[in-house]
Amino acid sequence: MQHKYQLVADTLRTAIQRGDYEQTMLLPTEQALCQKFQVSRQTVRQALSILASEGLIERRQGSGSHILDQAPPKRLTIAVITTYISNYIFPSILREMETVLAANNAAPTLFSTHNQVSNERRVLQSLLDHVHPDGILVEGSKTSLPNPNLDLYRALMDRGIPLVFMHGSYRRLPGSLSVLDDNYGG
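So that you can map any letter, position 135 of the sequence shown is 135 in the numbering used here, and since no number is skipped, the others follow by simple counting.
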């Protein structure tokens with residue numbers, strides 16, 4: 001059975017997230033909340049303490065409980081590096097990828113290497129210097145050959161940027177994930 005203060009906190013949290021108090025950005029007084037929920041003042045104070053600890057409200061003596069601005073979640077940027085964007089199966093893969101990323105508050109930033117390791121190097125250096133993505137999906141250039149860009153991939157991984165390779169990977173780059181076309185749900 002849920003405690004009364006938890007029920008009050010849950011109800012107020014839902015109302016705040018729903019935008020019920022957007023106009024005033026202020027919760028009702030403790031006394032008004034006591035009457036609304038038919039609970040003691042101590043119960044209301046416990047509920048408000050929970051909301052304050054979650055960063056939803058700020059309690060100000062003599063002024064009430066103010067609702068704090070809730071910044072929308074940060075939109076993630078996922079760098080997508082492919083050999084070719086418009087050839088073969090990539091348009092359909094990119095459409096599906098964009099759908100999945102959008103559903104998860106992320107957006108792709110596309111790069112094409114034309115299957116050249118020199119172009120791949122320029123893209124990777126740009127990601128390190130300017131773009132700072134939250135993750136990288138890579139179709140590596142000439143993955144069956146030794147790659148001179150492993151230092152840049154390692155630098156990205158050292159920054160904590162997740163790498164996921166599509167359709168192959170570089171054997172000398174341990175710690176990266178690889179998704180092949182026969183992986184269910186890739």
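Possibly wrong hints are sitting among the right ones.
Claimed, not checked - Each pair of labels, with its calculated beta carbon distance range:
(1) Arg60 <-> Ser86: 32 to 40 Å
(2) Arg13 <-> Gly62: 19 to 27 Å
(3) Gln2 <-> Val164: 35 to 43 Å
(4) Met25 <-> Ser53: 12 to 20 Å
(5) Gly55 <-> Arg171: 15 to 23 Å
(6) Arg75 <-> Arg41: 52 to 60 Å
(7) Ser86 <-> Pro174: 50 to 58 Å
(8) Ile85 <-> Ala32: 38 to 46 Å
(9) Arg75 <-> Lys36: 33 to 41 Å
(10) Thr77 <-> Glu54: 55 to 63 Å
(11) Arg13 <-> Leu128: 38 to 46 Å
(12) Thr11 <-> Gly168: 47 to 55 Å
(13) Arg41 <-> Asp10: 13 to 21 Å
(14) His167 <-> Lys36: 52 to 60 Å
Just so you know, the hints here were simulated from the structure itself, not pulled from any lab data.
All values derive from a computational prediction rather than experimental measurement.
Where is the CB? At the ideal position from N, CA and C, for every residue including glycine.
Each hint tested on the structure:
no., hint, verdict
1, Arg60 <-> Ser86: 32 to 40 Å, "violated (58 Å)"
2, Arg13 <-> Gly62: 19 to 27 Å, "holds (24 Å)"
3, Gln2 <-> Val164: 35 to 43 Å, "holds (41 Å)"
4, Met25 <-> Ser53: 12 to 20 Å, "holds (19 Å)"
5, Gly55 <-> Arg171: 15 to 23 Å, "violated (45 Å)"
6, Arg75 <-> Arg41: 52 to 60 Å, "violated (41 Å)"
7, Ser86 <-> Pro174: 50 to 58 Å, "violated (32 Å)"
8, Ile85 <-> Ala32: 38 to 46 Å, "violated (58 Å)"
9, Arg75 <-> Lys36: 33 to 41 Å, "holds (37 Å)"
10, Thr77 <-> Glu54: 55 to 63 Å, "violated (27 Å)"
11, Arg13 <-> Leu128: 38 to 46 Å, "holds (40 Å)"
12, Thr11 <-> Gly168: 47 to 55 Å, "holds (52 Å)"
13, Arg41 <-> Asp10: 13 to 21 Å, "holds (19 Å)"
14, His167 <-> Lys36: 52 to 60 Å, "holds (58 Å)"
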